[in-house]
Amino acid sequence: EPEVTQTPSHQVTQMGQEVILRCVPISNHLYFYWYRQILGQKVEFLVSFYNNEISEKSEIFDDQFSVERPDGSNFTLKIRSTKLEDSAMYFCASSKKREGTEAFFGQGTRLTVV
Amino acid sequence: KQEVTQIPAALSVPEGENLVLNCSFTDSAIYNLQWFRQDPGKGLTSLLLIQSSQREQTSGRLNASLDKSSGRSTLYIAASQPGDSATYLCAASNTGKLIFGQGTTLQVKP
Numbered sequence: 051e052p053e054v055t056q057t058p059s060h061q062v063t064q065m066g067q068e069v070i071l072r073c074v075p076i077s078n079h080l081y082f083y084w085y086r087q088i089l090g091q092k093v094e095f096l097v098s099f100y101n102n103e104i105s106e107k108s109e110i111f112d113d114q115f116s117v118e119r120p121d122g123s124n125f126t127l128k129i130r131s132t133k134l135e136d137s138a139m140y141f142c143a144s145s146k147k148r149e150g151t152e153a154f155f156g157q158g159t160r161l162t163v164v
Numbered sequence: 301k302q303e304v305t306q307i308p309a310a311l312s313v314p315e316g317e318n319l320v321l322n323c324s325f326t327d328s329a330i331y332n333l334q335w336f337r338q339d340p341g342k343g344l345t346s347l348l349l350i351q352s353s354q355r356e357q358t359s360g361r362l363n364a365s366l367d368k369s370s371g372r373s374t375l376y377i378a379a380s381q382p383g384d385s386a387t388y389l390c391a392a393s394n395t396g397k398l399i400f401g402q403g404t405t406l407q408v409k410p
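If you read the protein sequences in the order shown, they are chains H and D. Under our numbering, read the first sequence as residues 51 to 164, first letter to last. Under our numbering, read the second sequence as residues 301 to 410, first letter to last.
Hints listed in this document are in silico derivations from the structure and should not be mistaken for laboratory results. Among the hints, erroneous ones may be present.
Stated by the list, open to error - Dumping the calculated DSBU-like pairs for lysine-lysine here, alpha-carbon to alpha-carbon at most 30 Å:
hint : chain 1 : residue 1 : chain 2 : residue 2
1    : H       : K92       : D       : K368
2    : D       : K409      : H       : K146
3    : H       : K107      : H       : K92
Every value quoted in this text rests on a predicted model; they were computed, and no experiment measured them.
Assemble the whole structure, with the sequences as input and the hints as a guide.
If you want it as structure tokens, here you go:
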């Protein structure tokens, strides 16, 4: 069964460093998302991406964040200068349509900023 | 602004019980509602999707209902098993993005 894959599963980085989290969405899906979950808190929407551009972003998704689909399969989230409060589980998701179809999530990347 | 709430936050039941998890949302203008399962430290596994035009969906021992007018959804789990122990999340969607509740952590005791 097709699945969303994320790498790495765990990333430790020093405060101020740049990190890139990688995702391979399901191949025939057109809508891509990033969410994050701080330990013990709700899963929060960060950004949605369609047709090679951001379609919606949350207040969390400030200038430190960017997303890219560098080729036909990968979808990346870059954090330019990590802060301690960026420590969280980051989930990538994809769906066939914007509405009416299931969103499928990857297993997540646990980002620890020290 | 859409807000999603799940009650109870935690639930412990003996094996074999039927149980109901509750989800409420403040904005009834949703396109769909999705239920997920999350095991500790793991990703989100989609369980059921209910589109706004539907009243319920079933998959195996799971049945999810949706009442848009009252802003409620329920997940019914029949004949619970220890393997059902996990956190169950509901999420409402009205622009493609999902707005999540805080989850119900279920423990099913053998």
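Going through the hints against the structure:
Restraint check for H/K92 and D/K368: the C-alpha separation of about 22 Å stays at or below 30 Å, so the hint holds. Between D/K409 and H/K146 the CA atoms are separated by roughly 38 Å; this puts the pair beyond 30 Å, and the hint is violated. As the CA atoms of H/K107 and H/K92 are separated by approximately 17 Å, the hinted pair is consistent with the 30 Å bound.
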